[in-house]
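The hints should help you fit chain U onto chain G, whose structure is shown.
Chains as they are written, first to last, in my numbering: chain G, 1 to 597; chain U, 1 to 360.
Don't take each hint at face value.
The calculated DSSO-like cross-link candidates involving lysine-lysine, where the alpha carbons are at most 27 Å apart (straight line), are [unchecked claim]:
{"id": "1", "chain 1": "U", "residue 1": "K233", "chain 2": "G", "residue 2": "K524"}
{"id": "2", "chain 1": "U", "residue 1": "K200", "chain 2": "G", "residue 2": "K550"}
{"id": "3", "chain 1": "G", "residue 1": "K555", "chain 2": "U", "residue 2": "K333"}
{"id": "4", "chain 1": "U", "residue 1": "K121", "chain 2": "G", "residue 2": "K549"}
{"id": "5", "chain 1": "G", "residue 1": "K524", "chain 2": "U", "residue 2": "K200"}
{"id": "6", "chain 1": "U", "residue 1": "K104", "chain 2": "G", "residue 2": "K550"}
{"id": "7", "chain 1": "U", "residue 1": "K358", "chain 2": "G", "residue 2": "K519"}
{"id": "8", "chain 1": "G", "residue 1": "K570", "chain 2": "U", "residue 2": "K200"}
{"id": "9", "chain 1": "U", "residue 1": "K333", "chain 2": "G", "residue 2": "K519"}
{"id": "10", "chain 1": "U", "residue 1": "K222", "chain 2": "G", "residue 2": "K555"}
{"id": "11", "chain 1": "G", "residue 1": "K550", "chain 2": "U", "residue 2": "K233"}
{"id": "12", "chain 1": "G", "residue 1": "K555", "chain 2": "U", "residue 2": "K234"}
{"id": "13", "chain 1": "U", "residue 1": "K336", "chain 2": "G", "residue 2": "K549"}
{"id": "14", "chain 1": "U", "residue 1": "K333", "chain 2": "U", "residue 2": "K219"}
Not everything, but these chain G residues come out facing chain U in the computed CB check (under 7 Å) [as the list claims (entries may be wrong)]:
{"id": "15", "residue": "K549"}
{"id": "16", "residue": "K550"}
{"id": "17", "residue": "A554"}
{"id": "18", "residue": "S562"}
{"id": "19", "residue": "L568"}
{"id": "20", "residue": "Q571"}
{"id": "21", "residue": "K575"}
Calculated directly from the structure, the hints in this document are not laboratory data.
Here the structure is a predicted model, which means the values were calculated and not measured.
Where a beta carbon is used, it is the ideal one built from N, C-alpha and C, also for glycine.
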Amino acid sequence: MIPQQNIRNFSIIAHIDHGKSTLADRILENTHAISKREMKEQILDSMDLERERGITIKLNAVSLKYTYEKKEYQLNLIDTPGHVDFSYEVSRSLAACEGAVLVVDASQGIEAQTLANLYLAMEQDLTIIPVINKIDLPNANIPKVKEELKRVLGFQEEEILLCSGKTGEGVKELIEKIITKINPPKIENEKPLRALIFDSYFDPYKGVVALIKVSEGNIKVGDSIRFMSNNADFIVTELGVHTPKEEKKEALRCGEVGYLCASIKEISNIHVGDTITHTKESATTPIHGYKQMKPMVYSGIFPIESNKYEALKEAFMKLKLNDAALFFEPETSEALGFGFRVGFLGLLHMDIIMSRLEREFNLEVIATSPSVVYEITLTNGEIIQIDSPTKMPPAVKIKEMKEPYIYTNIIVPKEYTGPIMELCQNKRGIYKSLEYIDETRVNIHYELPLSEIVYDFFDKLKSTTKGYASFDYEMIGYRESKLVKLDILLNGEVVDALSTIVHKDFAYARGRAITTKLKDLIPKQLFQIPIQACVGSKVIARENISALKKNVLAKCYGGDISRKRKLLEKQKEGKKKMKNIGSVEVPSDVFLAVLSE
Amino acid sequence: MKSVYIHIPFCKTICSYCDFCKMFYNPKWVYDYLISLKNEITDRYMGEEMSTIYIGGGTPSCLSEKELEYLLKITQIFKKEKNCEFTVECNLNDITKEKLELLKTYGVNRLSIGIESFNEKKLILMGRNHTFESAKEKIALARSLGFTNINIDLIYGFYTETKKDLKEDIKKVLKLNPEHISTYSLILSEHTLLYVNKVKPIEDEVDREFYDEICHLLKKKKYQHYEVSNFAKKNYESRHNLNYWNNREYYGFGLGASGYIDLIRYTNTLNLTKYLNQEYDGKKELLTKEDQMDNEMMLGLRKTQGINLQEFKQKYQKELSECYPIAPLMKNKELKIKNGYLFINPDKLYVMNEILIKLI
Chain G
1 MIPQQNIRNF
11 SIIAHIDHGK
21 STLADRILEN
31 THAISKREMK
41 EQILDSMDLE
51 RERGITIKLN
61 AVSLKYTYEK
71 KEYQLNLIDT
81 PGHVDFSYEV
91 SRSLAACEGA
101 VLVVDASQGI
111 EAQTLANLYL
121 AMEQDLTIIP
131 VINKIDLPNA
141 NIPKVKEELK
151 RVLGFQEEEI
161 LLCSGKTGEG
171 VKELIEKIIT
181 KINPPKIENE
191 KPLRALIFDS
201 YFDPYKGVVA
211 LIKVSEGNIK
221 VGDSIRFMSN
231 NADFIVTELG
241 VHTPKEEKKE
251 ALRCGEVGYL
261 CASIKEISNI
271 HVGDTITHTK
281 ESATTPIHGY
291 KQMKPMVYSG
301 IFPIESNKYE
311 ALKEAFMKLK
321 LNDAALFFEP
331 ETSEALGFGF
341 RVGFLGLLHM
351 DIIMSRLERE
361 FNLEVIATSP
371 SVVYEITLTN
381 GEIIQIDSPT
391 KMPPAVKIKE
401 MKEPYIYTNI
411 IVPKEYTGPI
421 MELCQNKRGI
431 YKSLEYIDET
441 RVNIHYELPL
451 SEIVYDFFDK
461 LKSTTKGYAS
471 FDYEMIGYRE
481 SKLVKLDILL
491 NGEVVDALST
501 IVHKDFAYAR
511 GRAITTKLKD
521 LIPKQLFQIP
531 IQACVGSKVI
541 ARENISALKK
551 NVLAKCYGGD
561 ISRKRKLLEK
571 QKEGKKKMKN
581 IGSVEVPSDV
591 FLAVLSE
Chain U
1 MKSVYIHIPF
11 CKTICSYCDF
21 CKMFYNPKWV
31 YDYLISLKNE
41 ITDRYMGEEM
51 STIYIGGGTP
61 SCLSEKELEY
71 LLKITQIFKK
81 EKNCEFTVEC
91 NLNDITKEKL
101 ELLKTYGVNR
111 LSIGIESFNE
121 KKLILMGRNH
131 TFESAKEKIA
141 LARSLGFTNI
151 NIDLIYGFYT
161 ETKKDLKEDI
171 KKVLKLNPEH
181 ISTYSLILSE
191 HTLLYVNKVK
201 PIEDEVDREF
211 YDEICHLLKK
221 KKYQHYEVSN
231 FAKKNYESRH
241 NLNYWNNREY
251 YGFGLGASGY
261 IDLIRYTNTL
271 NLTKYLNQEY
281 DGKKELLTKE
291 DQMDNEMMLG
301 LRKTQGINLQ
311 EFKQKYQKEL
321 SECYPIAPLM
331 KNKELKIKNG
341 YLFINPDKLY
351 VMNEILIKLI
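Next comes chain G alone, as it looks inside the complex:
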């Protein structure tokens, strides 16, 4: 058995596309965890979606063996996602580690999420090993990136490793550095059991599987355990590690990382971030240092076919198993019927959940405009929080309204400084500072309302900088704002699912943009349809969809009948993607599409 002081728990952190997963694969190969033949590209990214988007969503923990100076070591690699929306997942895996490998692309240099991830790791007091990756690239600029690591992040020249996930160069040195530089976990064998749940997934045969790190004490198969957040008790039925193949174990010792099964059928019994202890001789307090993340963005999600409500509920429950930050509760919309109010960490998170609903659960859904959480002080002094425009009280009852603000890291080539500043000003941004990463790139700091990011900031950022910007943000709290509710009326009726909360000064422009967009997106129907944008009872923008003038099979004789009926059936098929709102048929993608200008 490998001595506990030979355990190393570490993560790899990086900006998106800086080669983290490829590097992880190479480490697996070097530790003979998998043979070359078994090597599927980027094995840690197990979901299709992850591979397609080149990002890691779900965590994976792999236990590897490596012999260094004749001693055997157990290296537990905990993979992390690399996008701003998923910083909560990063924090989760980091809480289970003692060290982190910070990967920077040799051709790109430091990016916004390099910084964001590094700060999270530093919060956990982790030992950081800086690595310049992709040194095989023809446009690699090692001296420049080294300079950035030294100047911006304060690393020493001799600390920095050079690597290529592609060729494998430097990977052996990296593994050895992990062993020599990262501390072993604190060994507290005698203390009562405290194990951190940092991820979970659902296995159809085993039920809920928790990924845990044993921080104190140890855990065996057959132990009676307790989840400290809700005092639910279970008997451990199986323990093990991923190598990456599943390998059952009788026990997990202090410092080790592995999976746990306990015949847990109810997904609501398990909370990522919770602490597991023994039922008897239990610990008194849960593990500290764990950051529970709250959803930042809420949207109404409704099944297109109303009889799919139960299926949608089931899907959310399953998704929640692997996604602690996903929040959902039932919501009813006059326009869209029964559905859910769903909380996400950000727009990418939302996007991923939407694709998974469609792909893995075969559900077609409508999403309403994402909303942030607003804080409202009522005239009677009461303070409420709302995550949906429909929950906004009438203007006369509102004394003050606050919205969440963020602080940005926007890293761009310096020639884009002007356009970025203009973009941020147009989004109600408050300029804070600007610093040079090197002579060609700057990091621009603004304070911005989160709601403006939710609107169309990403698209704008991408188009103004031809994709060269990298962006990350942190929440800095609530600030007072002059906000109003913008309602959209179709054929004279308010469509609750299209209401949004906007800054007073933006209401006219937004109202015009939405009505114009709706005019383009809603097909002509048998009658004329007025579209109005209103603040309170005041109409601030108006468009008309004129009545449909022609939809007929102009000629139809003996030879045409089967073919013509197929034409009709095709038209009918198209209608299935429509939602009836009052008397108006609205394509289901309209609700999200009104967001982009």
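Relative to chain G, chain U alone:
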């Protein structure tokens, strides 16, 4: 009531918009074709009395007199009802005294003349060539030989066309005083010269304006608007076409012809070589009761009179209202019922697909 459709695929010229089964007239194929046609009819025709016969194309009138006579002799195989409506499609330029006499001799009592337009710009775009004068002359000739039931086809909706052009066309057609007028908005189908040349369609709004204008002008001249695209003087509705729209059975003989017999909708092969080898079969589809009812709706609601509810019940042993959700559509006046007929509100006829897809 049963009908026969016979397809003659040969044409002297190919029109730029035509997507029917057609080919250039070539005398070397015609007799072989007619022999195979005769064989097909002998094989499949079950001897019942026919209410209507319709020879279409292609251009049946482009056959030589001898070929035409051979074709007409074939039609004698059919047992005809006393007042059998017997139509032959004709191209204005093919019409001669001799051919008309031949048609008359063999019992043809209705002519369908594809005039389409008199507007020069439109005719050039269509790849057609005739004048108003020749039309007047040929129709007078037909009248003098005793043809009392003549249909004229009209196409509208070319991108060059103005409302003035359209009115001019209608005026000229009305001068010819036909018993029946069919008008079609131009369809740009794939595999047509217009489509290949990327000719633009007109806006739906303009199309509708033209349609409304046509309805208005023809109604003023006492033509009954009895189907989406068809107008007739009293008692001159096309019985052959009504048979389609009433969802009744009909034979289809000839290359690419479609028929509906014993609940099977079929289309013959479109391959001439196969057809000449007496391999007639193309597509076949056995209709379920639901298919039949859906077709009944799709076809029946094309008629301004609509669907006879009593007949529907007799045919399907069920009330129409039990099979289709008509109540909400009655409520918002998209559908109406009068004298036992269910019909589409006339001002919604040109958007009737929107109504049909709520039903079927």
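Quick rundown of the hints versus the structure:
1. U:K233 <-> G:K524: Measuring from Cα to Cα gives roughly 35 Å; hence the hint is violated.
2. U:K200 <-> G:K550: Satisfied, since the Cα-Cα distance of roughly 17 Å is no more than 27 Å.
3. G:K555 <-> U:K333: Status holds; Cα separation ~24 Å.
4. U:K121 <-> G:K549: 26 Å, holds
5. G:K524 <-> U:K200: This hinted pair holds, its Cα atoms lying about 21 Å apart.
6. U:K104 <-> G:K550: 40 Å, violated
7. U:K358 <-> G:K519: 23 Å, holds
8. G:K570 <-> U:K200: Distance ~23 Å between G:K570 and U:K200 Cα, so the pair holds.
9. U:K333 <-> G:K519: This hinted pair holds, its Cα atoms lying about 25 Å apart.
10. U:K222 <-> G:K555: The hint holds at about 22 Å.
11. G:K550 <-> U:K233: The hint holds at about 26 Å.
12. G:K555 <-> U:K234: Holds, because 21 Å separates the two Cα atoms, which is no more than 27 Å.
13. U:K336 <-> G:K549: Status holds; Cα separation ~20 Å.
14. U:K333 <-> U:K219: 23 Å, holds
15. K549: Holds, about 4 Å.
16. K550: Since the shortest Cβ distance to chain U is 4 Å, the answer is holds.
17. A554: Holds. Min distance 5 Å.
18. S562: Since the shortest Cβ distance to chain U is 5 Å, the answer is holds.
19. L568: With a minimum Cβ separation of about 6 Å from chain U (threshold 7 Å), the hint on G:L568 holds.
20. Q571: Result: holds, 5 Å to nearest chain U Cβ.
21. K575: Hint holds; G:K575 Cβ to chain U Cβ min 6 Å, cut 7 Å.
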